[in-house]
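Mind docking these for me? Both chains are given alone in their own frames, and the hints should help you get the complex.
Read off the chains here:
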Amino acid sequence: MTRLRDLLERDNFVVTAELGPPKGADPEVVKKKAELLKDYVDAINVTDNQTAVVRMSSLASCVILKELGIDPVLQMTVRDRNRIALQSDILGASSLGIENVLCISGDHQSFGNQPQAKGVFDLDSIQFINTLKTMRDEGRLLGGDPITKPPSLFLGAVENPFADPLEFRVLRLAKKIRAGAQFIQTQCIYDIERFKKFLSLCENEGLLQKVYLIGGVTPLKSFAMAQYMQNKVSGILIPDDIMSRMKAAPKSKQREEGINICVETILTLKEIKSVKGVHIMAIEWEDAVPEIVSRCSLKSDQKRV
Amino acid sequence: MPLEELILSHDAILSLGCGAGAQMVSEIYPEIPVIPGLNTEFMGETQEQGVWLENCVGCGDCMLFYFGGICPLVRCSKHLLNGPCGGSQGGRCEVAPEVPCAWQLIIDRLKAQNSLERLYEIYPPKDWSKKQGKGPRKIIREDQKV
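Listed in order, the protein sequences are those of chains A and B.
For the first sequence, this note's numbering assigns the number 1 to the initial residue and increments by one for each residue that follows.
For the second sequence, this note's numbering assigns the number 1 to the initial residue and increments by one for each residue that follows.
Bound-form chain B, shown alone (with noise of 0.2 angstroms):
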């Protein structure tokens, strides 16, 4: 049977895509409702075998340059800009033990590229404009469009 075929047949999709999988689909078929199997919850990397950790929020903006390549924004629970708060002891958030200081990292990681001064400056506040301005982001490449 043609997928089509089998998708008119049934009463519901369960996708297990991303959320933006789900969406397509549901778009591809809007008659028919899609649920999502799945909660998504981050842009990451893989750490190991079976370990994913959320390192991009997707601001639009990116700063990683300033803070030797470890984003405050996603790895710092207040995301602070200009340093860590009161609350980081011994390297680890207050937040809970398991979870390392952003800063402390992008300070150890800036002391090994000798580039501490870069902290001395007081970055100004985030434009989110480019993360959450007027709907959805779309990027459009006019040089890739057929």
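Only chain A is shown next, with the shape it has when bound in the complex (with noise of 0.2 angstroms):
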């Protein structure tokens, strides 16, 4: 069993982070990350060539944490594989005793440095959660083939609470669960209220009861990021008093600024019942981390039931 399920399943407030691989060879990068993590969350997402641009693999990435003693997630895109190669990736990943798996459709390959690139898409990441599944619970692959060894796996799916249209992110939400997911990490939260909303839509679902769901923040580095976030990536929303807040702070005092923001999130989402961690996104700038972690006295070497 994963150090994250583990966590869960004892009903600890979990911290997960999110490392990014870099655009070459070298491992020391990632291991360089993953020291500066390490000691302040429960477990590492390793992203899988985010905003399609070309980085080391997730796969790799995450072996390279994994010897270093850390629980890594590996995030799978169907965005570059199709079935035959996503099936093959996790059995070699279970294998290789990486066992959470991010199941996620990706970003269009129109917004990385390889736009001419084919987009594969051929499942969709409900329909990938479903075939990891029927791999681990019945050792079958897609089309009903037999596993000489199933694969072991703890299955994370994702959701955008801030993406529309609301009620079907929440049927959305049902889909993954019913297809096999068993944690799930948000989009980046700013707007607790919409949250809030959307938590409460779920609750009337029944769905929190089954699944781990793990809040997604991502700090902020500039009143620059946070215009950028809230006009051109799609799936954001950042509420006006928090962009007044950054708007307010002073150059040299922004990165700060988005720090207390993180935290103050953190500290709120910490509040709700049915939130059982955060994952924190901090994009290029893992360093913040530890600040963020320590300030909401969330260390992970703290006392663990």
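If you are wondering where the hints come from, they were derived from the structure by calculation, not from laboratory data.
Since the model is a prediction, treat every value here as computed from it, not as a measurement.
Some clues are possibly wrong.
Pair by pair, the computed Cβ-Cβ distance ranges are [to be verified]:
no.: 1; chain 1: B; residue 1: ASN39; chain 2: A; residue 2: LEU96; range: 40 to 48 angstroms
no.: 2; chain 1: B; residue 1: PRO97; chain 2: A; residue 2: SER57; range: 27 to 35 angstroms
no.: 3; chain 1: B; residue 1: PRO124; chain 2: A; residue 2: SER294; range: 45 to 53 angstroms
Quick reminder that beta carbons are idealized off the backbone N, C-alpha and C, glycines included.
In structure tokens form, the structure reads like this:
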């Protein structure tokens, strides 16, 4: 059983962080980022060619983390692999002891540095989760062929409570859970009110007893970043009061204000019963994580039940 | 001059037909190079004078009924079969502001048809062998042969 699953099952409030692999073959970059995060988080997600920019593979980076004694969460998109490659990579991951898998569709190839690439999308994220559940629980591949040794997997999915249409987000979460998702990591939360509305809709459907919901947060580095995320990144909502706070902070203090907002958000999330942890996505700013975690009194070496 | 003679007296044929037309001409006159004059793009509908929209990929396994007559395989940038990704906002696709989110269209259409429950179902992976199984697909209608 993975550390992440074990802590969640024993009702701990977990902390996960995101690590973006380098645009190169140097393992030291992964190790350096990992060492920075190691004592502050319970598990580390490794992104899979995020924003469709080519980077060191998520699976290879997860192996490096594993060697450092860290519990990795393998993010895998359906953008770059068909069903043959997806199933094969998952068997490989499990064979290397990597069992937390986050199944995602992935940023569209047009955003990255290979916009001429053919987007695969042979399966969608829900079909992918369901395929992995069948492989694990029934020992069968898609199409029915038996697997000699089924993989051990703790299956995760993402949900964006801030994308539209809101009611359908709940239905989609229900589908992901039915497909086999055991934990959910959400898109970055800034708009707590909307997030709470999403939670109460989920509650009405009885979804939150069936899955571990981990709230996503991203510290804002600057007012310019806040503006970019608000205007250019689809599915991100930053309420006016946060925008004004970032704007009001002098340039040299904006990082600090971004961290303040992030800490406040985490402390609010921690008080919500159905939120089982936070996922900190400090984009190319992994060294912000220790401060954020310490200020929230969430250090991973603190006493766990 | 008969067509055949005219063609054979030239070095090449520039085809302004679609890709299928260019291939057919090449088959009839295998000794003359055929240069495709167009980049054939899609099967679609004429939305208005001068505007065409791609709306069928010819998958060989039509699911339009389930999705209110809107095909997510072609209209959704990620070809998703189980609902919108996290990049759907205000009815728009994350890929470009001028692209409508196919799933918003599907949800609105099914709502109008009082059939939203069709989206509760988890649609299984698509059988792509019907589109790209073994070489080019061929349709044979024995009853129409002469």
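Status of the hints after comparison with the structure:
no.	hint	verdict
1	ASN39(B) x LEU96(A): 40 to 48 angstroms	holds (45 angstroms)
2	PRO97(B) x SER57(A): 27 to 35 angstroms	holds (32 angstroms)
3	PRO124(B) x SER294(A): 45 to 53 angstroms	holds (46 angstroms)
Every hint from the earlier list agrees with this structure, and none is contradicted.
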